[in-house]
Amino acid sequence: MTNFLFGRYLPGNSWIHQMSPQSKLLLSFYFVIVIFFANNLVSYGVLALLIIVVILLSGVSITFFLKGIRPLIWLIIFTVGLQILFSSGGTILWQWGPFSITNLSLINGGFIFIRFLLIIMISTVLTLTTTPLAIADGVQTILKPLKRVHFPVDTLALMLSIALRFVPTLMDEMETILNAQRSRGVDFGSGSLTHRVKAAVPLLVPLFTGAINHAENLSTAMEARGFTDSEHRSKYRIYRWQLKDTLSWIVFLVAGGLVLYLRK
Amino acid sequence: MRDPTMKDIIQVKNISFNYSGQPLLFDGLSLDVHEGEWLALIGQNGSGKSTLARLIDGLNVLKKGQIFVDGLLVSDQNVFDIRNKIGMVFQNPEDQFVGATVEDDVAFGLENRQIDREKMHQLVKTSLENVNMWEFRDRIPANLSGGQKQRVAIAGIVALSPKIIILDEATSMLDPQGRQDILDLVRQLKEKNHLTVISITHDIDEAASADRVIVINKGQKIDEDIPGKIFSNTEQLARIGLDAPYTAQLIAALKRRHFDLDKEYLDREGLIAWIKQLVSTK
Numbered sequence: 001m002t003n004f005l006f007g008r009y010l011p012g013n014s015w016i017h018q019m020s021p022q023s024k025l026l027l028s029f030y031f032v033i034v035i036f037f038a039n040n041l042v043s044y045g046v047l048a049l050l051i052i053v054v055i056l057l058s059g060v061s062i063t064f065f066l067k068g069i070r071p072l073i074w075l076i077i078f079t080v081g082l083q084i085l086f087s088s089g090g091t092i093l094w095q096w097g098p099f100s101i102t103n104l105s106l107i108n109g110g111f112i113f114i115r116f117l118l119i120i121m122i123s124t125v126l127t128l129t130t131t132p133l134a135i136a137d138g139v140q141t142i143l144k145p146l147k148r149v150h151f152p153v154d155t156l157a158l159m160l161s162i163a164l165r166f167v168p169t170l171m172d173e174m175e176t177i178l179n180a181q182r183s184r185g186v187d188f189g190s191g192s193l194t195h196r197v198k199a200a201v202p203l204l205v206p207l208f209t210g211a212i213n214h215a216e217n218l219s220t221a222m223e224a225r226g227f228t229d230s231e232h233r234s235k236y237r238i239y240r241w242q243l244k245d246t247l248s249w250i251v252f253l254v255a256g257g258l259v260l261y262l263r264k
Numbered sequence: 001m002r003d004p005t006m007k008d009i010i011q012v013k014n015i016s017f018n019y020s021g022q023p024l025l026f027d028g029l030s031l032d033v034h035e036g037e038w039l040a041l042i043g044q045n046g047s048g049k050s051t052l053a054r055l056i057d058g059l060n061v062l063k064k065g066q067i068f069v070d071g072l073l074v075s076d077q078n079v080f081d082i083r084n085k086i087g088m089v090f091q092n093p094e095d096q097f098v099g100a101t102v103e104d105d106v107a108f109g110l111e112n113r114q115i116d117r118e119k120m121h122q123l124v125k126t127s128l129e130n131v132n133m134w135e136f137r138d139r140i141p142a143n144l145s146g147g148q149k150q151r152v153a154i155a156g157i158v159a160l161s162p163k164i165i166i167l168d169e170a171t172s173m174l175d176p177q178g179r180q181d182i183l184d185l186v187r188q189l190k191e192k193n194h195l196t197v198i199s200i201t202h203d204i205d206e207a208a209s210a211d212r213v214i215v216i217n218k219g220q221k222i223d224e225d226i227p228g229k230i231f232s233n234t235e236q237l238a239r240i241g242l243d244a245p246y247t248a249q250l251i252a253a254l255k256r257r258h259f260d261l262d263k264e265y266l267d268r269e270g271l272i273a274w275i276k277q278l279v280s281t282k
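As given, the protein sequences belong to chains A and B, one line each in that order.
Using full-length UniProt numbering, you'd call the opening residue of the first sequence number 1 and step up by one each time.
Using full-length UniProt numbering, you'd call the opening residue of the second sequence number 1 and step up by one each time.
Check the hints yourself; a few may be wrong.
In silico contact screen, one side only, chain A against chain B (beta carbon under 7 Å); selected entries [stated by the list, open to error]:
#, residue
1, F37
2, H214
3, N217
4, L218
5, S219
6, M222
7, A224
8, R225
Straight line, CA to CA, 25 Å or less: simulated DSS-like cross-link-like pairs of lysine-lysine [to be verified]:
#, chain 1, residue 1, chain 2, residue 2
9, B, K85, A, K235
10, A, K235, B, K125
11, A, K235, B, K119
12, B, K13, B, K64
13, B, K85, B, K64
Don't read these hints as lab results, they were simulated from the structure.
By construction, the Cβ of each residue, glycine as well, lies at the ideal position given by its N, Cα and C atoms.
Okay, chain A solo, but in the shape it has when bound (with noise of 0.2 Å):
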């Protein structure tokens, strides 16, 4: 699990490092909408091209990269897989009982499969380049037109960062329960599924009030500190718009033109 890649930080400061998490996030999705256009092999080859020049840009390097992410081929294969053998139409190739290939569902499966890949390969990036912290500033800034109605963004962005920096403190007390309620001779992970349902209990009942202790001792300390409302407040940290978010957004749309234009 060392080298899995999905979901981690890798810390650097390459072009994609540097730009803003707004834009790379609003890049994201976008990309995986343009990925459900493409239908042709021409129009995927623009979109691995993209993807491969992308990852360079991240300063990972290939291999490590197709490493990290090899945990996940074996989900594809399996989706991959279904699809293969269930759909129908076309030229049936091979046939037993409900199950059977055909010309078309070898196609649709190559396409699925590459969708796969390309979705995942750009989540990754993103992840890897962008702290926590980017990734939730960049969630208050893409919702921020939601003030107009009166969604509290603010609020929101502020439970997302509190919720990030707690994840590894959590963790951590849930090993020490974990490791405590062990030595009291709680058998956690064996068992029958009723029996381990009941083993969690122990694990659970801490942990929770574990967490309502902490968010009670820290709203008196954000308090202390002078914290009134997540609105009137000004920010350490700015992502701006910079050049390199344009260019980024230029080379991304006339790829999607492209894509538009080659589909069949």
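Given the coordinates of chain A, work out where chain B should sit on it, guided by the hints.
Chain B alone, transformed into the frame defined by chain A:
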């Protein structure tokens, strides 16, 4: 010992308070904190020390009586001005770390006060340098020790340049080295910025280095004096369940072995000097 020109920066006047559904914790408590002093508040668990700190900062609301902080009455209208004057460091280093990284945590208080970004970056840098944590600025709290987190908490307070720092058992979850480091750090900051420090503690040795000690028991102030006087009264300390400081214990042990010492309490240097003198006269 008290400079008459010093004013009382905090005045607690005849306060009463109880948590809902519980008996009165304070009933007519009064005390003063002098400007520029290091005051230690000692007492058993449940004696009301931490509650008093929360009342001073306006985190809990008084039932009766008044508290003045630097001339301002603690009330709903003044509470934010008062929190600008007071920086609090709490017991659990994990629970007061709001930011995702060291830098963001120090900036949190500044963001709340809507400080301009350029000034904020500069303040964060100088305060982190003050506590020797600048090279840790990108770290997340999970990768810091307890002592380092408390340093960050102090930096977050120093950035706001308060007049008063309240340490609410801020060192109780640290090892002896971390505790000493934090106390030395606060002492330096106090001298440099002319702060008033209120240290709430169980640690008698920590209290022994204060300018003045107030002993609280069951919501009552039962004594206030310089540490030397307070710790001479070992019977009173024992009665309210507090330990005597190390030197006082050593003096008591020497007395049991029939060494003649007329004092109950001496600080470290005083005790060393006395033992040296004792050895040389023999």
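Hints, verified against the model:
1. F37: violated, 36 Å
2. H214: holds, 6 Å
3. N217: holds, 4 Å
4. L218: Cβ of A/L218 sits 5 Å from chain B, so the hint holds.
5. S219: violated, 10 Å
6. M222: holds, 6 Å
7. A224: holds, 5 Å
8. R225: This interface hint holds because 4 Å falls under the 7 Å limit.
9. B/K85 x A/K235: holds, 22 Å
10. A/K235 x B/K125: Satisfied, since the Cα-Cα distance of roughly 16 Å is no more than 25 Å.
11. A/K235 x B/K119: With Cα atoms ~12 Å apart, A/K235 and B/K119 stay inside 25 Å; holds.
12. B/K13 x B/K64: holds, 9 Å
13. B/K85 x B/K64: With Cα atoms ~23 Å apart, B/K85 and B/K64 stay inside 25 Å; holds.
This entry does not satisfy hints 1, 5, going by the numbered hints stated previously.
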